[in-house]
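*Asks:* Given the sequences, and given the hints that come with them, work out the whole structure.
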Amino acid sequence: MQQPVYLATNPEWHWGKQELQITLPGLRVGPAAHPQFSASRLMVALDWRPLLHGQIKLQQIVLDAPMLDGPWKGGGSAGGAALSLPGKMIIRDGTLRWPNVAGHTLSLTAVNGQMLAKGLSQLAGDWHWRGKGGRWHFAVEMAPAPTVFARKVSLQVGTTIDPTLLQVAIPTLQSAAKGVVVPALRVRWQARGQGPAQLRLQALRLNMAQSQLAVQEGALTAGDDLALQVQTLGLNWKTLQGHLAYQITIRRLPRLATRWGLSLPKLTDPNALQRLTSTGAVQLDGPHFQWVVTQGELDDSVWMGKIFGTWRPLAIHVNLSVAQFNLGHYLPAPRPGKAARLPTLPQQWPVTGKIHVTKLLWGKISARDLVIRSTVSKARP
Numbered sequence: 001m002q003q004p005v006y007l008a009t010n011p012e013w014h015w016g017k018q019e020l021q022i023t024l025p026g027l028r029v030g031p032a033a034h035p036q037f038s039a040s041r042l043m044v045a046l047d048w049r050p051l052l053h054g055q056i057k058l059q060q061i062v063l064d065a066p067m068l069d070g071p072w073k074g075g076g077s078a079g080g081a082a083l084s085l086p087g088k089m090i091i092r093d094g095t096l097r098w099p100n101v102a103g104h105t106l107s108l109t110a111v112n113g114q115m116l117a118k119g120l121s122q123l124a125g126d127w128h129w130r131g132k133g134g135r136w137h138f139a140v141e142m143a144p145a146p147t148v149f150a151r152k153v154s155l156q157v158g159t160t161i162d163p164t165l166l167q168v169a170i171p172t173l174q175s176a177a178k179g180v181v182v183p184a185l186r187v188r189w190q191a192r193g194q195g196p197a198q199l200r201l202q203a204l205r206l207n208m209a210q211s212q213l214a215v216q217e218g219a220l221t222a223g224d225d226l227a228l229q230v231q232t233l234g235l236n237w238k239t240l241q242g243h244l245a246y247q248i249t250i251r252r253l254p255r256l257a258t259r260w261g262l263s264l265p266k267l268t269d270p271n272a273l274q275r276l277t278s279t280g281a282v283q284l285d286g287p288h289f290q291w292v293v294t295q296g297e298l299d300d301s302v303w304m305g306k307i308f309g310t311w312r313p314l315a316i317h318v319n320l321s322v323a324q325f326n327l328g329h330y331l332p333a334p335r336p337g338k339a340a341r342l343p344t345l346p347q348q349w350p351v352t353g354k355i356h357v358t359k360l361l362w363g364k365i366s367a368r369d370l371v372i373r374s375t376v377s378k379a380r381p
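Per the working numbering: the sequence shown ends with 381, consecutive numbering throughout.
Hints in this document: simulated from the structure, not taken from any laboratory. Heads up, none of these hints are tricks.
Here are the computed distance ranges between Cβ atoms for each label pair:
no., residue 1, residue 2, range
1, 258, 163, 18 to 28 angstroms
2, 48, 117, 11 to 21 angstroms
3, 152, 231, 20 to 30 angstroms
4, 248, 374, 19 to 29 angstroms
The C-beta atom is built at its ideal place from N, Cα and C for all residues, glycine as well.
*Replies:* Shown next, in the form of structure tokens:
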């Protein structure tokens, strides 16, 4: 395991007619002060006949009070022997701690249940994340067929206030070359006082070995405020390479921003930012990105163009065209006799390029064929 291994006492052996049972009391893997894995008792049952031919066939694994600090840092080896999944694994009062899940530690405690190589598997326990907690339940029906190896995959996560906070349903999981195919996936979540949100994906392909994800079609909705249609998606999250073709509609943007914990500046017109649509494609290539908007609309203003640049260092170049734009919806119009003032840009301004506005309205000011340019800033992030 490439880590220190400790036992409270010597292993216990039981020689049966068809299997060999090994019990490891007080197992601890990793540093003594902070073990990565521990269990008060681990029992392994091995089939006799494959063992005589150099193969390890696990009949059953029983874990009492297992504790795992993920992700696993050590390696694993069976000494060259072929290792198969256990026919049955029983977990009693398990604990999992996984740090840095969206910046916080996710803890699963009081985990109880069993996983079967064939048949219905179920696990349940408590969860704790970002100062909140509740119950969760996972179920899957393992299938013996060579292509479809799992059916009726479901995950339910809830709290005392929201017992159905999150629901995940996958009708079937199919095996593919070095990966998994999910013909259909549905995720639904709804917190108290908020509208339901749903995610639906079709023909999802996942290859963990190559860090690749592909989706043929998908949709994300959040009440009647957000509707995102994904036409194609391909991503390699290790090299940050991928592409996305999309169509999105956002209504009541200020309300949606508040719902997601974001703040927007105070606008002149309280009815502004009520509808934003965009159709286009996004391309990622390591530190480089490119966003092509074939058609977009903000309130009553139609726009299109290209935004590209790099993440590190942050450098954004824009080349946009806007048909008509009423600036009075967002900034107070200048008063007679006073010079018009636009908001001051930050000293570190990584945006360059130009925006062509066919017609600009701002109070009593009207301009045609206006070109707004942003040159290279001396102060870079």
